[in-house]
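Enquirer: Here is what each chain is made of, one letter per residue.
Protein chains: 2
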Amino acid sequence: MTEVFDLDPRLSAETVLITRWQVSRVLLQDDARFPWLILVPQRAGMSELFDLEPGDRLQLAREIDAAAQALKAETGALKINVGALGNIVRQLHVHIVARREGDAAWPGPVWGKGTREPMTLEARAALVTRLQQRFGGAFS
Amino acid sequence: MTEVFDLDPRLSAETVLITRWQVSRVLLQDDARFPWLILVPQRAGMSELFDLEPGDRLQLAREIDAAAQALKAETGALKINVGALGNIVRQLHVHIVARREGDAAWPGPVWGKGTREPMTLEARAALVTRLQQRFGGAFS
Chain A
1 MTEVFDLDPR LSAETVLITR WQVSRVLLQD DARFPWLILV PQRAGMSELF DLEPGDRLQL
61 AREIDAAAQA LKAETGALKI NVGALGNIVR QLHVHIVARR EGDAAWPGPV WGKGTREPMT
121 LEARAALVTR LQQRFGGAFS
Chain B
1001 MTEVFDLDPR LSAETVLITR WQVSRVLLQD DARFPWLILV PQRAGMSELF DLEPGDRLQL
1061 AREIDAAAQA LKAETGALKI NVGALGNIVR QLHVHIVARR EGDAAWPGPV WGKGTREPMT
1121 LEARAALVTR LQQRFGGAFS
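Residue numbers (this note's numbering), protein chains in the order written: chain A, 1 to 140; chain B, 1001 to 1140.
Honestly, the hints are just simulated from the structure, not real lab data. All figures in this text were calculated on a predicted structure; none of them were measured in a lab. Quick reminder that beta carbons are idealized off the backbone N, C-alpha and C, glycines included. Hints may be right or wrong, so weigh each one.
[What the hints assert, rightly or not] Using 27 Å as the maximum straight-line C-alpha spacing, the simulated DSSO-like pairs for lysine-lysine come out as follows:
#, chain 1, residue 1, chain 2, residue 2
1, B, Lys-1113, A, Lys-79
2, A, Lys-72, A, Lys-113
3, A, Lys-113, A, Lys-79
4, B, Lys-1079, B, Lys-1113
5, A, Lys-113, B, Lys-1113
6, B, Lys-1072, A, Lys-72
7, B, Lys-1079, A, Lys-79
8, B, Lys-1072, B, Lys-1113
[To be verified] Some, not all, of what chain A presents toward chain B, calculated at C-beta under 7 Å:
#, residue
9, Ala-68
10, Val-82
11, Pro-109
Hey, can you work out the whole structure from these sequences and the hints?
Expert: Written as C-alpha cells, this is what we have:
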C-alpha cells in the first residue's frame, strides 16, 4: 500500500492554507488570540521530527525559520514560540506562535489554554494576504 | 565587547550536564515527573532559532533529533515533545520531553504545569550515565 499524505481533519478544521513549500504545507491557525502558523510536512506517516528523511528534516528547519521570521516581522512579537508536540494530533506538525507580554496565555504555552476565538473573515483574509506577500517566492 | 556564552543561571539551577556537542550543551532537567532534556546552543546572544548562523541551525536540528531518538529509546515514550519557547528564560534553549499517556501533564504541554520534583541523586546519576552511553561519540 502506498501511503499518501492527507492533512489530518483536526488540523484542517481550525486552519486556512497560506502556501505550500518544498516540505511544509503552511497553515494559519484561525485564532484571534495569537498570530499562529502551523507547518505540516507533506509526507505520509510522520509523527516525530526524526521520522523525516535527513534532507526533508533540514529543509523543514529552514522553513520553520522563514515562517518564524516573517511572523515576527508581521506582528512585532516579543518572542516566537516553536513547538512540535503531537500528543493529541499525531500527524507531525510544527506550531509557530507570535507571543507578546500580556497575551491570553502569557508567559505560559498556548497549547491547551482557553478556547480558540475565530477571526473575522475579513481579518483572516487580510492576514493571509500579508503573510503570502512576506513569504514571496520562498521555497515554492 | 566580545560576548561570551554563559549558561543562564535559571537553566543551570534545575539541570545537570550530560555532554557537550558541536553546537549544544546537552542538559538533563532534574524533574522526576518527565524524562526531559534541554539543548542550549553554546553561542552568545541568541534567543530565536533563526538567530543562529545557518550552519549552526542545521547542526542544531541534527542534535535535536539525536537527543530525541535517544530519549525515546531510553524511555519507550509514546511521543516526544520538542519546544523552543523562551517566554521566561530568553536564552535560546530547546526542550525535548518524553511523554506517556497519563503523565503529570498529559495530554497538555509540560511547561508551566505543576511543580518540579527533583530526582534522587542515585536515579539522576544513573539516567545521566545511560544517556551518555546512548549518545556515544555523537557530535563530540
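Enquirer: Confirm or reject each hint.
Expert: Tested hints:
| no. | hint | result |
| --- | --- | --- |
| 1 | B/Lys-1113 with A/Lys-79 | 20 Å, holds |
| 2 | A/Lys-72 with A/Lys-113 | 22 Å, holds |
| 3 | A/Lys-113 with A/Lys-79 | 18 Å, holds |
| 4 | B/Lys-1079 with B/Lys-1113 | 18 Å, holds |
| 5 | A/Lys-113 with B/Lys-1113 | 12 Å, holds |
| 6 | B/Lys-1072 with A/Lys-72 | 32 Å, violated |
| 7 | B/Lys-1079 with A/Lys-79 | 26 Å, holds |
| 8 | B/Lys-1072 with B/Lys-1113 | 22 Å, holds |
| 9 | Ala-68 | 6 Å, holds |
| 10 | Val-82 | 5 Å, holds |
| 11 | Pro-109 | 5 Å, holds |
Against the hints set out earlier in the document, a violation occurs for number 6 only.
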